[in-house]
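Visitor: Between the sequences and the hints, there should be enough to build the whole structure, so can you do that?
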Amino acid sequence: MKRLTTNKSFLVGLGIIAVLVFLSFTASLIAPYNPDEQNLLNTLQSVSFKHPLGTDEFGRDILSRIFYGTKITLTIVVFSVLLGGILGCIFGVFAGYLGKYVDLVLMRLMDIPLAFPGMLLSLAIVEIVGKGILGVIIATSIYSVPQFARVVRASILSTRESLYVKGARVLGESNTSIILRYILPNIWAPILVLASIRAAIVILIASSLSFLGLGVQPPTTEWGAMIAAGKMYLVRAPHLTLFPGLAIVITILGFNLIGDSLRDMMDVKLQ
Amino acid sequence: MLDQVIKRLLFLIPILLGVVLVTFIIIHAIPGNPAQVILGLDATPENVAKLEKRMGLDKPLTTQYFIYVKQLLKGDLGYSYRTDRTVFTEIRTRYPNTISLAVVAFVFMLILGGIAGIFCAIKQNSKTDFVLRGVSVLGISLPEFWSGFLFILLFAVYLKWFPSEGKHGLLSFVLPAFTLSLSGIGMATRLVRSSLLEILQQPYIRAARAKGVSQTMVILRHALKNAMIPAVTIMGFQLGRFLGGAVVVETVFNWPGMGRLAVEAILGRDIPMVQATILMLALTYVIINLITDLVYVVLDPRIRYH
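In order, the protein sequence lines correspond to chains L and Z.
Under numbering that gives the first Met the number 0, the first residue of the first sequence carries the number 0, and numbering increases by one thereafter.
Under numbering that gives the first Met the number 0, the first residue of the second sequence carries the number 0, and numbering increases by one thereafter.
Rather than coming from a laboratory, the hints here were simulated on the basis of the structure.
Please note: incorrect hints may appear among the correct ones.
[Said to hold, decoys possible] Result set (DSS-like, lysine-lysine): computed pairs, CA atoms no more than 30 Å apart in a straight line:
hint	chain 1	residue 1	chain 2	residue 2
1	Z	Lys-69	Z	Lys-6
2	Z	Lys-166	L	Lys-230
3	Z	Lys-126	Z	Lys-224
4	Z	Lys-210	Z	Lys-122
5	L	Lys-99	Z	Lys-6
6	Z	Lys-69	Z	Lys-58
7	L	Lys-230	Z	Lys-52
8	Z	Lys-126	L	Lys-7
9	Z	Lys-58	L	Lys-7
10	L	Lys-7	L	Lys-130
11	L	Lys-165	L	Lys-99
Guide: Below is the structure:
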């Protein structure tokens, strides 16, 4: 833990995410304008004191829209990674702990999504389950499931034969109890690393989907959708694409920094 | 080694069958009736039913699947709903564009990622190392649609060095290929750096140094070859991503490739085209990943498959 609090990139990443979480809860209090309030006399305004990041093609304040967009992005990330992570952990635990045929069948099943390029699979899934936030959460989580399953399975295989697990078995602990109380607490580190890396990728894919017009739909305030709308004015008013994109980059960077520093720390511990 | 290659190739068969089946399921799970899509919303139910019958949509799904596989084996991908041309013709004109873009992106990744990684490893913990590593994290964190727009603004609109969209001539490859390769460059840099650093601690490198071999020669002749093995895998998977998922970059740069074709087909509800593009891209992806695995086996004799 001490190593974490002195790791600069971990602290920067954590700081970024903390600020975003704060913004997502307080957007309605600190945003200078209503994000949906149109002002057709004031469209495509550049950066000014009144509108720190300018206004869009409907005269809406971009800073306020970015603040409100935080909530959508974080909602998608949290639920997508949770959904994929929980399902993946369940599959991984079953495959790793029960072994044999269960392992074989489950892990071959897990190979299926990985045979498709991630972006393409999300495109197809979102068409099936429907556009909108829920659809994007499901579409982005499907690719996470096999990755979590693999990591958890590998960790279980390496802890299953350890002395403390054998000891628990001798004491007559049930399988459920061994998994929940002895194994899972000891393999949280690789799960956490994967979760932060997946979070970054989920934001990338979710915003790409809305950029292509296949994800979260307007009028929901979403960063990728803001860029898609702004691309018409790329030359005349580049701030329409610049600032929401910057918000996406900073968020992804935050998760990547956390994931990287956690991974580096784990490597040190493993040596 | 040969038996391993054959084993991997045999593995390919169930994977390919799986991809075909999953693609079929996905397409049939997408809501909407293709006959209705073709005829429009104001078509009479009788006409819709007639067309459904002609397209074989009234048959049970399993029958439809076998018909589909049979047609696939004959190389028949059907007709596009929108252009009335065969799906095959359309894909034949688009596919080479995706491949050429991916190859250029791959070359960018190989050269830039390789050089940056070697540089970082030689100058470990220096300012250059720190900056290059920062840039590589940034490269991984940039969404392609955004970096693409930035490059268009800077290099096409303001500096006018490269065309902003479409495929005309060699110069038009630069911006889309660079955008596509950015995250790959970032990953390659980090990987080459870390594996080179690991190799440089090996006894045989120390032996070479003790023999008086210069730093440059140690890196080029002794360390790099072994350090490249893990890098090759990552780069191979990245090539798969370039070929299978250039959807966003092709949209941003209006590149006439497969990814753009897939998105257009999805937006236009052109079911045969969606099916064929997803299938082709997934097959390419699987095959590239397989080749990557094989190259890995060839390069590293220590690897044994169980």
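Visitor: A separate judgement is required for each hint: does it hold in the structure or not?
Guide: Evaluated hints:
1. Z:Lys-69 - Z:Lys-6: Satisfied, since the Cα-Cα distance of roughly 26 Å is no more than 30 Å.
2. Z:Lys-166 - L:Lys-230: Distance ~20 Å between Lys-166 (chain Z) and Lys-230 (chain L) Cα, so the pair holds.
3. Z:Lys-126 - Z:Lys-224: Holds: Lys-126 (chain Z) and Lys-224 (chain Z) sit about 26 Å apart, inside 30 Å.
4. Z:Lys-210 - Z:Lys-122: The hint holds at about 22 Å.
5. L:Lys-99 - Z:Lys-6: Judged against 30 Å, a Cα distance of about 21 Å means the pair holds.
6. Z:Lys-69 - Z:Lys-58: 15 Å, holds
7. L:Lys-230 - Z:Lys-52: Distance ~43 Å between Lys-230 (chain L) and Lys-52 (chain Z) Cα, so the pair is violated.
8. Z:Lys-126 - L:Lys-7: 16 Å, holds
9. Z:Lys-58 - L:Lys-7: Not satisfied, since the Cα-Cα distance of roughly 62 Å exceeds 30 Å.
10. L:Lys-7 - L:Lys-130: Given pair Lys-7 (chain L), Lys-130 (chain L) is violated - Cα atoms ~39 Å apart, limit 30 Å.
11. L:Lys-165 - L:Lys-99: Status holds; Cα separation ~19 Å.
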